[in-house]
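There are 2 protein chains.
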Amino acid sequence: MATDSIRKCWRRLFSCLSFNRNSNETVPLLRSSQHGGHNVVSNKDYESLDYDRCWNKPYLDYRERYEKQHSDRKLEILQWIMTFAIGFLTGMVALYIDLIVKLLSDWKFGTVDKSILQCSKDGCLVISLLYLLLFNVAFVIVAACLTIYEPVAGGSGIPEIKCYLNGIKIPRIARLQTLVAKSVGVLFSVAGGLFVGKEGPMIHSGAIIGSGLPQLQSITLKKINSKYSYFRTDRDKRDFVSGGAAAGVAAAFGAPIGGVLFSLEEGSSFWNQKLTWRTFFCSMAATFSLNFFLSGIDSNSWGYFYLPGLIDFGTFECQSEKTTGCHLWSAVDLFIFVIMGFIGGCLGAIFNTLNKSLSLHRMINVNPKHKIFRLLEAILVAMVTTTIAFVSAMTLGQCRKIPLKPSIINSTRSSVELTVRDYFCEDGYYNDMATLFFNPQEIAIKQLFHQAGTFSMPSLAIFFILFFFLACWTYGVSVPSGLFVPSLLCGAAYGRFVALFLEQVFGYKTVYSGTYALVGAAAFLGGVVRMTISLTVILIESTNEISYGLPIMLVLMVAKWSGDLFNEGLYDIHINLKSVPLLEWDPPTEAARMKAKAIMDSRLKVVFPQTRVASLIRLLKTTAHNVFPVVTAARDDCSAVTLVGPSQEADLQEQDDVECFVNQNNSNQDGDGNPIELLQRNLPMKFEGMILRSQLVTLLKNHAWYKENVEVCSISIRPFLKL
Amino acid sequence: MATDSIRKCWRRLFSCLSFNRNSNETVPLLRSSQHGGHNVVSNKDYESLDYDRCWNKPYLDYRERYEKQHSDRKLEILQWIMTFAIGFLTGMVALYIDLIVKLLSDWKFGTVDKSILQCSKDGCLVISLLYLLLFNVAFVIVAACLTIYEPVAGGSGIPEIKCYLNGIKIPRIARLQTLVAKSVGVLFSVAGGLFVGKEGPMIHSGAIIGSGLPQLQSITLKKINSKYSYFRTDRDKRDFVSGGAAAGVAAAFGAPIGGVLFSLEEGSSFWNQKLTWRTFFCSMAATFSLNFFLSGIDSNSWGYFYLPGLIDFGTFECQSEKTTGCHLWSAVDLFIFVIMGFIGGCLGAIFNTLNKSLSLHRMINVNPKHKIFRLLEAILVAMVTTTIAFVSAMTLGQCRKIPLKPSIINSTRSSVELTVRDYFCEDGYYNDMATLFFNPQEIAIKQLFHQAGTFSMPSLAIFFILFFFLACWTYGVSVPSGLFVPSLLCGAAYGRFVALFLEQVFGYKTVYSGTYALVGAAAFLGGVVRMTISLTVILIESTNEISYGLPIMLVLMVAKWSGDLFNEGLYDIHINLKSVPLLEWDPPTEAARMKAKAIMDSRLKVVFPQTRVASLIRLLKTTAHNVFPVVTAARDDCSAVTLVGPSQEADLQEQDDVECFVNQNNSNQDGDGNPIELLQRNLPMKFEGMILRSQLVTLLKNHAWYKENVEVCSISIRPFLKL
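Chains as they are written, first to last, in this note's numbering: chain F, 4 to 726; chain E, 4 to 726.
One should not assume that every hint holds.
It does not matter which identical chain is used: a pair holds within one copy or between any two.
[Claimed, not checked] Dumping the calculated DSS-like pairs for lysine-lysine here, alpha-carbon to alpha-carbon at most 27 Å:
no.	residue 1	residue 2
1	Lys359	Lys512
2	Lys172	Lys710
3	Lys277	Lys581
4	Lys404	Lys117
5	Lys600	Lys60
6	Lys359	Lys600
7	Lys105	Lys581
8	Lys71	Lys277
9	Lys600	Lys71
10	Lys598	Lys689
11	Lys77	Lys172
Since the hints were derived computationally from the structure, they do not count as laboratory data.
As the structure is a prediction and not an experimental result, all values here were calculated from the model.
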């Protein structure tokens, strides 16, 4: 079983290198232009990014010339400036998203609020619902249209970034166009009342900025194309993308350290001290440029930095009357947290399983059809979500007393008290369900974390169940949609429910319900995404409370373990659904005894150090691979090709080099005989190195060939192989 | 120039692999027993740890058998249990160090305090000084004796851990004996009034626990030697040492995330997601087990966790009368911080240069002499330090008013007010110099961070200068001595001085002096150790104030840059002084065009796949290398050895394989002819793999040879090469 799954995964990977017998269609020389259409990309289309430095003679010569003109110092300074610019711009994009979402939400809730207050007297609530539906559907249509125009802008973007940093080129993932579609689309999907977050899209935006900005050119807008040509290798881009993604996390959660760890945990299959430091700088730049503007806009006194990030979970403070008896958590709570973590992991696994089935269904039944169906699905989700939220808030909510007057207590709490919704309740009372449904999600989370007044157990349970299924349905609809904040909100309701349960059923009185809400949020989010160290740090930084480290970590660990019993994290599920050949950190233990030939299922296309131009062009046109192994043939019938040069090749004539190799190879193809074996040391074929498609194309474009005789031209590849 | 330094560094490294012509002395088969003596180790004695997994046939067979008995799951659970145990024990060691140091300090200061209060009336201050001297010298003698008994227990231990994690085996670094010497010695060096910290030794202790505990055996105490034999490879040890070191940082500073990043930044040349998570778990275990006991002992109500770590910088809170005008820092301050960072870097560079000269002097003039001189130096340092501190506190301190009554204000500040020293001052006044000198360093730091009453500028300047030079002299004396807290204290005085300067000279009134003290501390510590991301995180975690992230990072970055203009970080300086061949993250750019032969200065000793026992034993006895390349000779005169097996070797007779290779090679040794070239593909010698000394010894011990003829036995190495 396990070997099968490795075989499946590795085969997918190796298929990048191996020759696909059935594909005889002609492909363009440089393949990137192939992905112009909006089809669902099949796994054959994934190629790897060139993260390896190719040290060959021409490159070293180039470097030597280059270094004379540009000192390393200058390049380093440029790198740092670019890093700052990426952080700054990511912060600004996050700021813009946050502000516009707030504006749109305020507009929407303001209008609807007025209507509800009026209608609760007049009994015209259906009109309020229609208002709300109108807003939400209109917003969602904008978001869905943008996503249908640019499909990779859908979803959270985190799986895609994970793949990119893993070294897999996913088409159009880092285009300016995607950035626009994503950062505008997310405004409307969040403001449209869908149960989605804006954090994932912010992270994706940061990654796109990281990838695009240092190049000062754009494929989308061809006019942006400067002469400035630093940082255009995949390797440089990757480093900047790490920084940009980290900056996105940092801006979204006010968590610069968490951002760095996110980049490392989710993405980087590499680790480098300098890169980490630069990534950290980028995160910090994003956090503090955002903080600067946010604080300035908020208080109109510029130059101070007191609003740490877009998500601020507020200060957790115990305010019991008995001054000593109140603690945020104690050793006894830890045991309960472990159980909560276990349940959270299971809930997350259920969420993932449901979402996986839904996504599969979507891939098979919705996506292949006309685009209009995707739009219709988004509208349907918006309508159902809105109606359910409205109806349940109006009919199922309970009126609870607001416990303290806002003026007496500290600022965090008073701001919490100000956001309660008092629909259909007397003065001094609030509707608990409406408070959760009729607020932006961040505010609802704060309510669950800090609202001293209780929510009723039935309200919490109903809210959790409704939110759980609706969020599960929403993730994957073609709108930009983050996963973090909805999961946190869902989990916070679960945690708060547990606290109430313990208090009311078991009479466990020293519960600080805010801590339970936080732990529940961590447990559920951990169960869904299965991130570990970075999520812990993000949550610690968002709460700005180091003493929550142990409970959060414990809960995330347990949630990951219990969730892993059932399935993978949601991001990995979506990566698998897209058939991306992601390479995990560790190969499966079974792989230790396996050899490459066990998973190779088709033959390699190879080139020889001296290859004829005609055959090279034919090779490039008939295969889709981005890299070719270069071999020399030591056997007599082919040796002329490699050992003695073109003048003695007369006997080969029309039969070109590659075919020579393939034909010769066919003779001993009995059953599982495999050409890769020929490349091994003790057989006539010798592996000399690799050459990229792009390098071959460059050679061809520059006419870097020589005349073999009147009709035949050849290219000498050897100098371009790795040293 | 640069090439020279690479050459020097790499040559040192390659000397591990290469043959030293001049060394003809006989060495024991397994070299670890050689390091029994206490000599200063020369660079020839450093060997690398075996972090590479050696996948060969016998190992895979062994694994297969092993996996049938022990499931991976069981091993993983064991790993996690061990990780927790390491964290817990490290936390306990830190707790014990902290408590005993407090006890000893209280005893000392209690006695001396009483004497001073009495003597300031009676005029017998010399007697107080004698009391203090007696205490300090006695304590320092204990510390110095322990260090002289076990020299690697001296210093902070961080350079040694850095080397260990880099893959270099430094003798005796991870022994139980070292742990005892270090953890007992540090009590007395800190309590003895030396300007040293206990954090470095805590980190070293954690690393030793990490290395030793999972093996459940000890070289020091031979009786501890269980049958249990997991986790004994260098690779496993390394992973646990990472965890232990991180746990040490976590316990010392209450900074679990900082601990993980410390392990990564300072140590690990590898990065692995799982390992990071385990390291984080270890840190958390240390932080919270320490926290649990500390909180329990402090308040006698067990089960709560409110004392975050041993070092707690207290809460930074602005308590100005004008409620809005007070901020911890503003954008304007940032510019000043950059300048402070620059100066801090320069000060750090001066500190490092002075300490380097001193250490060199010590290595040449003190260490080779009798041990008594090292003891005498320690006593001298203790006496000078004590006398200077005493005299300057008594004569140069100024009486300042205590600004607020302790009862009114919050707990952090009130505890700060309680630790002022009022020697020779009226009621309500305190002696500022005595407050800095006659308190444990952590409390002095808190004074500088939070004391609302001012320190006078002359007092701060004098304190800084005295402390700077004394701390510089002390680091390297043979006592266990950390560097973090002294540097922080020194830097805090510098920062506080700058704040006062800005306030009094430039009339810059919105300065919050605590922030300046913190920034100064970061600048100076950063200038000395040149750590970046981990130090930022450690300081953020210690202050529990995320909003200090930007200033701290900025200052550390500038300090590192300005310091790097002059010299390396202090840890690196000490590593270089010990001639440890540490491999940096990035090779120098000049190395890109270099080939190995440019830095090889002597010939390799090689073995053949079939080697005779006699020649193998001779090889092991005459060389000190821990690893040998295995080659096959393809040339006619030697080919018999490798290609056709022993029976056809008759013509070689007495001349053994290795010599055959060497002789044959001598013929084309003209000038720079180099045998490494022979190992290249296109020359007659072919590189087959590597084999470790330990593997060869195991083969020999197990008589794994076959009879070639009546007299000659051979060993077949091939199955043990890497697959």
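Intra- versus inter-subunit Cα pairing at 27 Å for Lys71 with Lys277: Intra 24 Å, inter 43 Å, cutoff 27 Å: intra-copy only.
Intra/inter-copy verdict for Lys600 and Lys60 if alpha-carbon distance must be at most 27 Å: between (32 Å within a copy, 18 Å between copies)
Intra- versus inter-subunit Cα pairing at 27 Å for Lys105 with Lys581: Neither way: Lys105 and Lys581 sit 34 Å apart in one copy and 60 Å across, limit 27 Å.
Alpha-carbon proximity between Lys359 and Lys600, which holds within one copy, between copies, both or neither at 27 Å: Intra 32 Å, inter 56 Å, cutoff 27 Å: neither.
Intra- versus inter-copy proximity for Lys172 and Lys77 (alpha-carbon distance at most 27 Å): neither (30 Å within a copy, 38 Å between copies)
Copy assignment of Lys598 with Lys689, given that the CA separation must stay at most 27 Å: both (18 Å within a copy, 22 Å between copies)
Within, between, both or neither: Lys172, Lys710 at alpha-carbon 27 Å: neither (36 Å within a copy, 57 Å between copies)
Identical-chain pair category, Lys404 with Lys117, by Cα at 27 Å: within (22 Å within a copy, 59 Å between copies)
Copy assignment of Lys600 with Lys71, given that the CA separation must stay at most 27 Å: Cα proximity of Lys600 and Lys71: across copies only (26 Å, versus 46 Å in one copy).
Alpha-carbon proximity context of Lys277 and Lys581, limit 27 Å: between (33 Å within a copy, 25 Å between copies)
Intra- versus inter-copy proximity for Lys512 and Lys359 (alpha-carbon distance at most 27 Å): neither (40 Å within a copy, 60 Å between copies)
In terms of the numbered hints stated before, the structure departs from hints 1, 2, 6, 7 and 11, listed from lowest to highest.
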